[in-house]
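Protein chains in written order, with the numbering used here: chain A, 188 to 265; chain B, 106 to 471.
These aren't lab readings, by the way, just hints derived from the structure by calculation.
Be a bit skeptical, because a hint or two may be false.
Stated by the list, open to error - No more than 30 Å apart at the CA atoms, straight line, and that leaves these computed lysine-lysine pairs for DSBU-like:
#1 A/K225 / B/K449
#2 B/K416 / A/K205
#3 A/K205 / B/K343
#4 A/K242 / B/K344
#5 B/K454 / B/K390
#6 A/K189 / A/K205
#7 B/K223 / B/K207
#8 B/K386 / B/K334
#9 B/K467 / A/K220
#10 B/K447 / A/K225
#11 A/K225 / B/K334
#12 A/K205 / B/K326
#13 B/K326 / A/K220
#14 B/K449 / A/K205
#15 A/K189 / B/K386
#16 A/K205 / B/K447
Said to hold, decoys possible - Quick list of simulated restraints, FRET-style, between CB atoms:
#17 A/D200 / B/E199: 39 to 49 Å
#18 A/I251 / B/M424: 53 to 63 Å
#19 A/N247 / B/E199: 48 to 58 Å
#20 A/N240 / B/R117: 37 to 47 Å
#21 B/K347 / A/G203: 46 to 56 Å
#22 A/N247 / B/L411: 47 to 57 Å
#23 A/P228 / B/N366: 46 to 56 Å
#24 A/N240 / B/D271: 55 to 65 Å
#25 B/N366 / A/D245: 21 to 31 Å
Unchecked claim - Quick partial rundown of chain A residues pointing at chain B, CB under 10 Å, derived from the structure:
#26 F227
#27 Q241
#28 G264
Using N, Cα and C, we set each Cβ at its ideal position, and we do this for glycine too.
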Amino acid sequence: MKVSVLFFGSLIDATGGKREIQLNDMQDMDSVKNNLLKQFPQLENYTFRIALNQKILDENHDLIDNDVIALLPPFAGG
Amino acid sequence: MLSREEQNYYNRHLLLEDIAEEGQLALKNSHVVVIGGGGLGSPVLSYLAGAGVGHLAVVDGDRVSLSNLHRQPLYGHNNVGELKTAAAIPKLKELNPYIELKGFSENLTAGNALEIIKNYDIVVDATDNFPVRYLINDACITLGKPWVFASIDRFQGQLSVLNYEDGPSYRCLFPRPPSPGTARACSQIGVLGVLAGILGSMQANEVIKMITGRGDVLSGKLLMIDSQKNVFYNVAVKKNEKSASDVLDLKSGVADSEYYNFCSSALNGFDEISVEEIKRKIDRKEKIQFLDIRSENYNDGFSDALHIPLKELDQKIDMIDVNVPVVVYCEKGVDSMTAVDKLKNSGLKNVFSLLGGMQAWKTYQS
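Starting from the given sequences, assemble the full structure and let the hints guide the process.
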């Protein structure tokens, strides 16, 4: 499946400045996670929640074309 | 009842069908406390005062500094060095003389949180660090109060209304604080001034919706904002009953250090040192190199302290004597943990962060 991944906040540092990427041939959320960690190993050090189509998910989930995944870290500043 | 003057003052609100006299009276009877009078607090306080929140309070033990002004229009140059509460209250009173204002010139701690928050209907989190954010969360759950959360990171912000009508809390959203060094403070990575204004204004808007009962409250959702890309991205958040069991029971007397430890030991654990331990070391005349990493040199801490702002630490690391134990301090003991991490990564071994920072030291001294 072809999906988009959005990055917010400090995660943009981990992706070398990328706010959004496209991934091909993704079966489920676990395959997305594995792909991202391989591509951006620094993500391992960050705390974030993962949302699929604007809903935060904890468990694995099958994907369909045009799904949007977002990685959301907690912000600190005020 | 609104007086003739108040009717005039609130004229544009009274014209709005969804506020009108009923909503204006609800605002007049409401009690709201804003934790932090800084970047977010400045617009929150200004707009809530203008909106006519009848009983409005601000909690902040900090003083106004020059580097605050670009995003804190509640203050001016003439306020630099003043307590934020002392500077804010007269300004807000001038803005709206028809409301009651109260300033708590202290920081929110595990010791005073319940006592302060219990008298208010809604809490606004306008703070800049995780230990106090988790503390607000736990205090609001303990007391059954809703709170409006916002935080900013350079050009982006996030916003949610938490613990509102049985909705999710901050611990449902982020059960664990971030790893050290990955979510940094504005003093380190910078912040677009107007972004604090946007997020703070949106917090005030949520408060007004909650009080007047009109509109959709941002509960069960996290709103992500990217001011550079004009992105408003809403994400649904579910309540997680498990996270409720992580809430610390503030009624049984929780120490502040529990929050600082919780937030600093997320990944690799920092070496922190308490103010009591520092005092013992000084009394024993042990050799310590104090390192002040705040952006401005206040000269208010330890004698002979070396001053290197955090953002210059990488370049000036050679100024530090590697043969003497180093105690790093900032205002609250948050940025200093990042500094310790940096120094350790550069090979220094005997490095500690002052737990609770200069604020804890000053409180201890008095």
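Now for the hints, and whether the structure bears them out:
no., hint, verdict
1, A/K225 / B/K449, "27 Å, holds"
2, B/K416 / A/K205, "24 Å, holds"
3, A/K205 / B/K343, "28 Å, holds"
4, A/K242 / B/K344, "12 Å, holds"
5, B/K454 / B/K390, "21 Å, holds"
6, A/K189 / A/K205, "18 Å, holds"
7, B/K223 / B/K207, "14 Å, holds"
8, B/K386 / B/K334, "51 Å, violated"
9, B/K467 / A/K220, "46 Å, violated"
10, B/K447 / A/K225, "25 Å, holds"
11, A/K225 / B/K334, "27 Å, holds"
12, A/K205 / B/K326, "25 Å, holds"
13, B/K326 / A/K220, "23 Å, holds"
14, B/K449 / A/K205, "29 Å, holds"
15, A/K189 / B/K386, "60 Å, violated"
16, A/K205 / B/K447, "25 Å, holds"
17, A/D200 / B/E199: 39 to 49 Å, "42 Å, holds"
18, A/I251 / B/M424: 53 to 63 Å, "57 Å, holds"
19, A/N247 / B/E199: 48 to 58 Å, "57 Å, holds"
20, A/N240 / B/R117: 37 to 47 Å, "39 Å, holds"
21, B/K347 / A/G203: 46 to 56 Å, "35 Å, violated"
22, A/N247 / B/L411: 47 to 57 Å, "50 Å, holds"
23, A/P228 / B/N366: 46 to 56 Å, "28 Å, violated"
24, A/N240 / B/D271: 55 to 65 Å, "25 Å, violated"
25, B/N366 / A/D245: 21 to 31 Å, "26 Å, holds"
26, F227, "13 Å, violated"
27, Q241, "5 Å, holds"
28, G264, "4 Å, holds"
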